[in-house]
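**Q** The primary structure of each chain is shown beneath.
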Amino acid sequence: MNVAKLLRKLRYEKKLGSSQVELLLDLQERRIFSVHRELRFFLYIGILMIITGAGLTVKKYFINLGDAAIISALTLCFAAAFIYCFVQGRPYEKAEVASPNIAFDYILFFGCAFYSMDVAYIETQYHLLGDLWENYLLVSVALFFFLAYRFDNRLVLSLALSTLAAWFGFTLSAHRFYFENYYRLYAIAYALIVLCCGILLYRSAVKKHFLDIYLNFAAHFLCIALVSGVAEYKILSLYFPALLLACAALAFYSVKVRKFLYMLYAVIYGYIGISIVIVDQIHRQTFLLFTYFIVTSMLVIGLIFKLSRMFKED
Amino acid sequence: MTLNLYSPQQEENIYIRKRAKAWRRSGLITEEQLSAINGHADPQLRQTNLFFRILFFVFTLLGTGAVVGLFVWLLDFKDTSFIAAMLILFGAAFYMAADYLAGKYLLYRHGVEEALVIVAMVLFCAGCSILLSENHLTLTHIRIVVPALLAITACWIYLRFGLLYAAAISIVALSFIPFQFNLSPAAERIMLFSVLCVIFVFSLLADKPDLEDFRKNRYAKIKACLLAAMYLTVNLEILGFSGLLMRDTHVVHLNAQLFPPSIYWSSYVLTFLIPAASIYWGIKSRKRLIINVGLVMACVTLATNKSYLGWTRYAWDPAILGMILVGLSLLITRWLNSGADQRRFGFTAREILKPEEGGITPADMAAALTPGVIETQQPPAHPEEKYFGGGASGGGGAEGKY
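Residue numbers (the working numbering), protein chains in the order written: chain S, 189 to 502; chain C, 41 to 442.
No wet-lab data here; the hints were simulated from the structure. Warning: the hint list may mix true and false statements.
Unchecked claim - In silico DSS-like cross-links for lysine-lysine, where the CA-CA straight-line distance does not exceed 27 Å:
| hint | chain 1 | residue 1 | chain 2 | residue 2 |
| --- | --- | --- | --- | --- |
| 1 | C | K248 | C | K58 |
| 2 | C | K394 | C | K256 |
| 3 | C | K324 | C | K261 |
| 4 | S | K447 | S | K396 |
| 5 | S | K202 | C | K61 |
| 6 | S | K193 | C | K256 |
| 7 | S | K447 | C | K58 |
| 8 | C | K394 | S | K203 |
| 9 | S | K444 | C | K394 |
| 10 | C | K261 | S | K193 |
| 11 | S | K494 | S | K447 |
| 12 | S | K203 | C | K58 |
| 13 | S | K447 | C | K394 |
| 14 | S | K444 | C | K58 |
| 15 | C | K394 | S | K193 |
| 16 | S | K202 | C | K58 |
| 17 | S | K396 | C | K61 |
| 18 | C | K324 | S | K193 |
| 19 | S | K202 | C | K394 |
| 20 | S | K193 | C | K248 |
| 21 | S | K447 | C | K61 |
| 22 | C | K346 | S | K248 |
| 23 | C | K256 | S | K197 |
| 24 | C | K58 | S | K494 |
| 25 | C | K394 | S | K197 |
| 26 | C | K248 | S | K197 |
| 27 | S | K444 | C | K61 |
| 28 | S | K193 | C | K61 |
| 29 | S | K494 | C | K144 |
| 30 | C | K61 | S | K197 |
| 31 | S | K447 | S | K282 |
| 32 | C | K324 | C | K58 |
| 33 | C | K394 | S | K396 |
| 34 | C | K248 | C | K261 |
| 35 | C | K61 | C | K256 |
Next comes chain S alone, as it looks inside the complex (with noise of 0.2 Å):
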C-alpha cells in the first residue's frame, strides 16, 4: 500500500475528510508544489553574498573610494532596511510573529550586517572611542537583541549572540582560539550570562521559541571552556565536577522536553571530559586504554539503547 491508495482507504473509513483527503494527494501527487523553502535559500544566500561582496569591496578599495562615499553607502543601506522593516513590519507581540513576507527577515539581517560593517569601518578608520572601543560591540549588541525581539528574528537573535560573544574576546581571528584560563572563565561567564537571559525571557513568556538559540550558544560555550579546563587540570579541579553537572543537566533537560538534541550534547562532551580524566589516569598502559574505549563504548550503547526504548522515538 502507498501513501495514495492508504489516503483513498482512511477517506472511506471516513477516518479524514474529503477535502483534506484531496489536499494531501495533490501534495503527494506534486499537483501542488511549494516551492517556499528554495526561494529562501537563495534570498539567504544572496543576502549573504552581497554582505560579503561588500565587505571585500570596502577592504580592497577603501583608499579609492574614500571614507565618505564608504560611510554613506553603508549608513543608506542600514538605515533603509531598518525603514523598511519598522514600516513593514507587524506589531510587536509576546508570542510568535510571522513574518510579513519572505524577504523580511532576510532584509532585517542584511541591515543589520551592514550596520555592523560601517560601525567597523568607522572605528577602524577614526579610533573614535579609543581604548574604549568594545563598547561599539556592546551598543551593537543591545541594538541587534532590541531587533531580534521586536521584529520576532532569529537570525538576528544569532548575530546578537555572537557579537555579545565577541564583547566577551571570542572573534575568528585565529589568535583568540587559545583558550587561556582567563578565556575560559569568559568563556563560563558568558554561557551562564546567555543561559540566565534565555531562562528569564522563557518563564516571563517573551518569544518562547528563542530559547533553543540562547541554549545552544550556552551549551556550547559552557561545555568546551569545562572540557578544556578538565585538558588541562585533569580532576584536580572544579571543572571536572562542573562538566559532570552541566551535562548531566542537559541530559535531564532533554528527556524532558524530549529534544534530543541536547542529550547529543550531553554524550558527547560528558563522554570527552570522563576520557580525559581516566584516560590519565591510565596512562601508557596500552591494554587498559583499549579496554576502556570497548566497555565503554558498549555502556553509551547501552543506555541511549534504553533511553531510545523509553521514549520510542520514530
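Please build the complex by placing chain C on the supplied structure of chain S, with the hints as guidance.
**A** Same frame as chain S, now just chain C:
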C-alpha cells in the same frame, strides 16, 4: 529476488509515516488521524531519532576501532599478510554482526548496524590492499583495484541495507579509477564523465512510474548526486579555484587553461547545459532535489563564468551574484503569489509543509558567523595614519587587543 534486508512494504510504511509526521507538523491532519495512518503503516522495524542514531554510530565506531586495535596490539603481528588476513576477517565478522542485528532485532537506520557495516567495508578494503601490495602488484594496479573494490562493497551495502550514503561512497570510489590509468587529463575527465553518464542512464531506466514511493524518492536522491558529480567533472574552473588558493598553477587539473581548447569550451557549454537540463527536468517531473541541485549548479556556473572567459574578477562580484539571486527569488515569489490561489501551474511560494524543528538551524549558525567574517574583512587603518595610531576593528562594531 531482492537483496535488501527490508521488504518494500516495510520501507514504504516508513515513508508513509514520515509523510504523515510532516502533515501533522504542518497542521494538515489531527493527532488522531496521525495515529490512524500510523496504525495502517506499521513497518515492524526498530527506528530511532537522528541524534540517538548519531550517538549509536559514533560509539559503535569507537568500540569496533578499539576492538581491532586491542587485537592487533595483543597479538603483536610482524607478518603483514597475517595482519591483512586479520583485517579481512574482522571486516567479515563486523559485516555478519550488522546483518544479524538488522535481521534479528529489526534495526533500521539505527546507527549501530550502519557503523558496523561501514567499519567492515573499510577493514575489508584495507586488508585487501595490504594483501595486494604483498603479492607484488604494482602501485598503479593497487590504485585501480582498491577503489573498484570499495565501489563494489559500498554498492553491495546499498543494495543490502539501502543506505544512500553507501551509494554515494560507491560513486566517489568509482570516480577515482579513471585518474589511475596515466591518461591525459582531458581523457581522464571524459572517461569519468562517460562512466557517470552510464550510471545515470541506468538509474533513469530503473526509475519506472509504477515503483513504490520510497524507491522513487531514493532514486531521485541518487540521480541528484550523479548530476552533481557530472557537473563537478565537467566544470574545469572549480578545481581552478583550489589551484589559486594553493598557488599551484602547474597541475593541469588545478589550472583549466592548460586543457586543450576543444575540451575547455565544451566544458564551458556543458556547465550551462547540465544545470539548465536539471532545472527543466526537475520542474517538469516535479522532483525537488533535482531542481535544487540544478539551481545550485546554476549558481556555481555564474560564479565560474568569468574565470572561463578570462575576465577580470572584482571584489564586488559576489555582491552582484547575490543581487541577482535576491532579485530572481523576489520576482519568482511575486509572480507565484499573483496567480489564482497564490499558485501558478501548481507551484506556490506559500509554506505548506513545515520543516522539522532541530533546535538551531544552519541559517542561524551562518548568521552567528557573520560578525567574524565582517571582522576579517576590515581594511587596515589608512596608510598615512592620518587620524590616530594602530588598532583594528571588527565584528558587530569593533575588535582589538583583548
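**Q** I'd like to know which numbered hints this structure contradicts. Please list them from smallest to largest.
**A** No hint contradicted; all consistent.
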